[in-house]
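Asks: Given only the sequences and the hints, what does the whole structure look like? Please build it.
Number of protein chains: 2
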Amino acid sequence: MGVTKSEIFTVGQNEISSIAKVLGHPARIAILEHLFKIDSCICGDLVDEIGLAQPTISQHLKELKKIGLIKGNIEGTSVCYCIDKENWSAMKTTFSTFLDKDLEDTNTCC
Amino acid sequence: MGVTKSEIFTVGQNEISSIAKVLGHPARIAILEHLFKIDSCICGDLVDEIGLAQPTISQHLKELKKIGLIKGNIEGTSVCYCIDKENWSAMKTTFSTFLDKDLEDTNTCC
DNA sequence: TTATTATATTGCAATATTACGATGAAAGGA
DNA sequence: TCCTTTCATCGTAATATTGCAATATAATAA
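The listed protein sequences derive, respectively, from chains A and B. If you want our numbering, it's the position in the first sequence, counting the first as 1, plus 1. If you want our numbering, it's the position in the second sequence, counting the first as 1, plus 1.
For the record, the hints were derived by calculation from the structure and aren't laboratory data. Since this is a predicted model, take the numbers as computed values, not measurements. Each residue gets a CB set at the ideal place from its N, CA and C atoms; glycine is no exception. There's no promise every hint is true.
[To be verified] Straight-line distance between alpha carbons at most 20 Å, and here's what the computed PhoX-like set of lysine-lysine pairs gives:
(1) A:K22 x B:K67
(2) B:K67 x A:K72
(3) A:K6 x A:K72
(4) A:K63 x B:K63
(5) B:K6 x A:K102
(6) A:K38 x B:K102
(7) B:K22 x A:K67
(8) A:K93 x A:K67
(9) B:K67 x B:K22
(10) B:K63 x A:K22
(11) A:K93 x B:K22
(12) B:K102 x A:K93
(13) A:K6 x B:K22
(14) B:K22 x B:K93
(15) A:K22 x B:K22
(16) B:K66 x B:K86
(17) A:K86 x A:K102
(18) A:K63 x A:K22
(19) B:K63 x A:K6
(20) B:K66 x A:K22
[As the list claims (entries may be wrong)] Covered by chain B, according to a simulated footprint, are these stretches of chain A (three or more residues, beta-carbon under 8 Å):
(21) 7-16
(22) 19-29
(23) 58-70
Replies: Structure representation (C-alpha cells):
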C-alpha cells in the first residue's frame with residue numbers, strides 16, 4: 002500500500018514523524034549543515050557542494066521549505082536560501098521533548 | 002530511481018538521516034512512546050494499542066531494532082520489547098548535536 | 001528584443017515503503 | 001501428542017521516494 006495511516010495517530014506523533022521524515026535523507030541534512038555553515042546561500046552553491054543534479058537539489062529544498070525549516074528570498078536571478086531560525090527552534094523544542102522521554106521515568110525491566 | 006546516493010555524503014550525515022528516517026513514521030513514534038510509558042511491553046499490547054495489523058507492527062519493531070533503539074527479550078511465547086536506553090542516549094547525543102547547530106553562529110542574512 | 005543565468009517544474013524510471021493476509025515457528029498447556 | 005497463543009516471515013498490492021533529463025519560467029544583461 003505504501004500509504005501511512007496517519008489518521009490513527011495523535012497530532013503530536015504525526016508532527017514528530019513528519020519532521021523526522023524530512024530529516025531522513027542525507028542530502029537534506031547536508032543542505033541544512035551547509036546553510037548553517039555559511040549562514041546564507043544560493044541554490045547553485047548547493048548543487049556544486051552536494052553533488053546531486055540541480056532538479057534534485059531543488060526538490061529537496063522544496064521539502065525543507067514545506068515544513069518551514071528553510072526560507073528563500075529571491076535576489077535577482079538567484080534565490081537566497083537560509084534557515085528559518087524561528088521555525089528551527091520550534092522544531093527543536095518539539096523534537097527534544099520527544100527525545101527527552103527517557104528522563105521522565107526510572108523504571109527498568111530488560 | 003528511489004535509491005539514495007549515500008556514498009556522496011559523510012558518515013555523520015548518513016548517520017543522522019538514518020536515525021531520522023526510522024523516526025519518520027508515526028507508528029514507530031507511537032511504539033516508542035508506549036514503550037517509554039509502560040517501560041516494558043509485549044508485542045500483542047502494541048497491536049491493540051496502536052491499531053495496525055500484527056505483521057505491520059512486527060515490521061516496525063524490526064526497523065526500530067535494526068538501528069538499536071529497542072531490544073526484545075523472549076519470555077515464553079511472548080516477547081518483551083523495551084527501549085535500549087544506552088543506545089537511545091547515544092542517538093540523542095548524535096541528534097542533539099545536529100539540532101544545536103543554530104547555537105553555533107550568530108550571523109543573520111535573510 | 002534576444003540571450004544568458006539561475007532556479008522551478010514536469011515526466012518518467014527505478015527502487016523503497018507501508019500494510020496486510022497467509023503461513024511458519026516456537027513455547028506452553030491440555 | 002495436539003492445540004493454542006504469540007510473534008516472525010513471506011508474498012504481494014498500492015503508493016511514495018529518489019534522481020535526472022528535458023523543459024519552463026523569471027530576472028537581468030547586451
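Asks: For each hint given before, does the structure comply? Return the numbers of the non-compliant ones in rising order.
Replies: 2, 3, 4, 5, 17, 23
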